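*Asks:* Line order of the protein sequences matches chains A and B.
Counting from 466, one number per residue, gives the positions in the first sequence under our numbering.
Counting from 466, one number per residue, gives the positions in the second sequence under our numbering.
If you're looking for bench data, these hints aren't it; they were derived computationally from the structure.
Quantities reported herein were computed from a predicted structural model and do not represent experimental measurements.
Where hints are given, some of them may not hold.
When chains are identical, the list treats them as one kind, so a pair holds in a single copy or across two.
[Stated by the list, open to error] Pairs of lysine-lysine residues, derived as DSSO-like cross-links and limited to a Cα-Cα distance of at most 30 Å, are as follows:
#1 Lys754 <-> Lys789
#2 Lys551 <-> Lys754
#3 Lys789 <-> Lys806
#4 Lys760 <-> Lys577
#5 Lys787 <-> Lys551
Protein chains: 2
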Amino acid sequence: MSNHFTLLSSDNNARRGILHLPQGDVQTPVFMPVGTVGAMKALHHDRLEELNYQLILANTYHLYLRPGLDLLKNMGGLPAFSTWSKNFLTDSGGFQFFSLSKFAKFTEEGVKFSSHIDGSKHFFTPEMAVDAQNIIGSHIKMVLDVCTPPDISEKKAYQAHLLTLDWAKRCKQQWELTGSNGLLFGIIQGNFYKDLRRLSADSLAELNLPGYAIGGLSVGEEKHVFKEFVHFTTPLLPHNKPRYVMGIGTPDYILQAVEAGVDMFDCVYPTRVARNGAAMTFDGLLSLKNERFMKDSSPIDPECDCSACRRYSKSYLRHLIKAKEINALTLLTDHNLTFMKRFMIQVRQSIEDKTFLTYKQQFLHQYYNSSL
Amino acid sequence: MSNHFTLLSSDNNARRGILHLPQGDVQTPVFMPVGTVGAMKALHHDRLEELNYQLILANTYHLYLRPGLDLLKNMGGLPAFSTWSKNFLTDSGGFQFFSLSKFAKFTEEGVKFSSHIDGSKHFFTPEMAVDAQNIIGSHIKMVLDVCTPPDISEKKAYQAHLLTLDWAKRCKQQWELTGSNGLLFGIIQGNFYKDLRRLSADSLAELNLPGYAIGGLSVGEEKHVFKEFVHFTTPLLPHNKPRYVMGIGTPDYILQAVEAGVDMFDCVYPTRVARNGAAMTFDGLLSLKNERFMKDSSPIDPECDCSACRRYSKSYLRHLIKAKEINALTLLTDHNLTFMKRFMIQVRQSIEDKTFLTYKQQFLHQYYNSSL
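Pulled out of the complex, with its shape left as it was, chain A reads as follows:
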C-alpha cells in the first residue's frame, strides 16, 4: 500500500479505497467531473462543494493556450486563480493532441501543434507537460502520452507505445527534478493489442509512478471491445496504486471499469448531455425535449435534491430547453452531477457490502431497460 492510497475493501476485483491528496481525501471509486479551463461548465464551485466533489479535472492543453501559463504563474496557479480549494487532476494534453490531431504532428522530441483557437504554432515536450502542470499546480499530473485510434496496425501501435514509454520516463525525470509536486500518473497505451497492453503496463510499472491510467480506451471502439480491454488491462496495473480509466462517464462503462478494479474515471458526458437537455436518472436517461414531458408536472426525480428537482416540473424544464434558456443548462448540469454523486455513493456502498455485482445488474436493468 502506498502512502497516498489506502485500499479499504474489495468485492471480487472491485475496490473501495481512499486517495490521499494535498487538498483532502477522495473516496474511491470516484467519478471526476471535467472543468476544462478551471470551471465546471454551467455549475458554480459553490454547488460542486455542496455536492462534496473532492477532485475535478482541468486540461493542460486548454489552459496552456488560454489563459496561458504566464498568467497562471502570475496568479499563483489554477487553485488560487479559480478558487477551487479541493483537488485538481490535469491531463497532459496527450488526448487533445490525439482528438485535435489535424492540428498536431508527433516527433520523438515532442508534439508540434497549431492552436485550435487562433492557429498559432506551438511545440510541446514531455518536460513542458510537467512544467506546465507544475505551474497549474494540479494535485495529480499526467505524463504526456501518445493516444491512438482503434484502427491502426500493431507496428504503429508498438511505436506509439515506445514513444509513450520514453515520454513517461522523461516526465518522471522532470517531475523529480522540479520537486515531485503532487502525484504523477503514468498512462498505459498499446491500442487494442493485448501483448502491447501487457508490455505497456509492465514497462510503465517499472517506473514506479504513484498511479496509473489506462489511456486509449473509449476512443471509438465498440462497447464489447472496451469491456474486453478494460477487464484485460486493469489487472495488469499495480494492485497497490490508484487505477484510472480516462474518458468514461456513462453508467455502463463506469460499472464495467469498477468491476475490473478501476478506482477513478472522468468524462464530460454528464455535463455535456445536460446541455443537450438530457437528465440522468436511475430509470435511465430522459431526453426532456421529448413531447411526452410536455404536460408532465412531476420533477425529474422526486428523491433528488438538486436545484432542478427541488423546484421544477419536467414540463417547465422542457419549456426552458425549447426556449433555449441558459437556466436549462445550469439546472440540468446540477441535476446530472447530483445524480453522479448519488450513483457513486451507491457503487462504493455496494463494494463495502460485497454486493457489487448484484447492484450492477439491478442498476443496469433499471437504467437501460426502463419503460420510462
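Since chain A is already given, all that's left is putting chain B on it; use the hints.
*Replies:* Chain B in isolation, oriented as in the chain A frame:
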C-alpha cells in the same frame, strides 16, 4: 390614494411608495428585471428570491407563442408553471409587435402577425391580450397598445393614439367581463408630440385604470429627448396611481424617471450586458473583457455579496468570459441584479431622506465620470 398603491413620501417629484399586489408588497421606485418566458436569463428563481425581487416581467407575446396558452392553462398559469411565487407583470405584446414589426400588420380590429419562431400566422386583439394575460395569471396586466418610432408624422402619431385609446377601452371592458383579475394598466402613447402625450394621458386617465405606463419612450430617440418627455409626461399621469416607464434600465434613465415621479421601470439591460461581459458597479460599467483586468486579482466590488464578488477575481471572470464559459453569464447576471437591488435601495432611501437630487448627482458623477 387607491387601495393597491400607498404613497409614503416624496422629494420634489420623486415618490416613495408601496405597491400592494396579490403575491406581496413591492417597494417603489422598483426596478423589475425581465424574465421573458417565465425565467430570468442565467439566474435561478432561488437567487432572485434571496435578492428579494418581488415583481418581475414576463412577456405575453413570447409566452403566447411558446409554450403556448393551452399548456399554460393546463399547468395552472405561469406562477404555478414557473414556481415564481412573487408577482408577475406581463406586457401585452404591443412592444413586440412594434419591435418585430416586419412580422406585424395593425388593423382597427387587432394585429396580424407571423411568429418570429416558425413563421406561423396569428391574429391578436385587445380582448385576446387580456384573455392571454388572464391565462398567464399575471398580477399586473398591460393593455394592448400601438407603439411608434421616433420619426413619424403627428398625423400618424395621432392615429396610433386613437387606436391605443380604443384598444385600452376594449381591454378594460374585457378585463372587467372576465373578473378584473390583477391590476390592468393603461399605456400612454403620443410619440414625441407634447399635445398628443397630454391628450393620451388625459383620455386614458378617464378610464380610471389601476395604473399607468408611459410607452413609446426609449425607442431610439436621443437622450435629451427622453429626458424632456419623461419630465413632461409623468406629471400628466394620475398622482395617486402607480406610474411605470417601460423599457428603461440604465442608471441615468432610471434616475431621470424617478426624478420625474415614476414608480416602476423594467429593462433587459442589466441582464443583457451581463451576458456581454459587463459588470455594473457604483464606479461605472466595467467591461471585464478589457485587457486591463487580465491580472486584476480583486473582485468586481468588495462590498457586493453576489456569487461572483464573494469568490472570484476580475482576472478569473475575464478568463471565463474569454473562454465563453456559461459560468461567466450566470455570475455576471447575479452581479448585475445584485447591483440593481443595492442601487434601488439607495434610491428609495434618498427619497425618504429628501436627498434624492444630491444622491442622483453624486451617483451620476461616480458612475459616469469614474477613472476606473
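*Asks:* Are the hints correct? Go through all of them and say.
*Replies:* Verification of the hints:
| no. | hint | in the structure |
| --- | --- | --- |
| 1 | Lys754 <-> Lys789 | both (11 Å within a copy, 24 Å between copies) |
| 2 | Lys551 <-> Lys754 | between (35 Å within a copy, 28 Å between copies) |
| 3 | Lys789 <-> Lys806 | both (27 Å within a copy, 26 Å between copies) |
| 4 | Lys760 <-> Lys577 | between (53 Å within a copy, 29 Å between copies) |
| 5 | Lys787 <-> Lys551 | between (35 Å within a copy, 24 Å between copies) |
Comparing the model with each numbered hint stated earlier shows that all of them hold.
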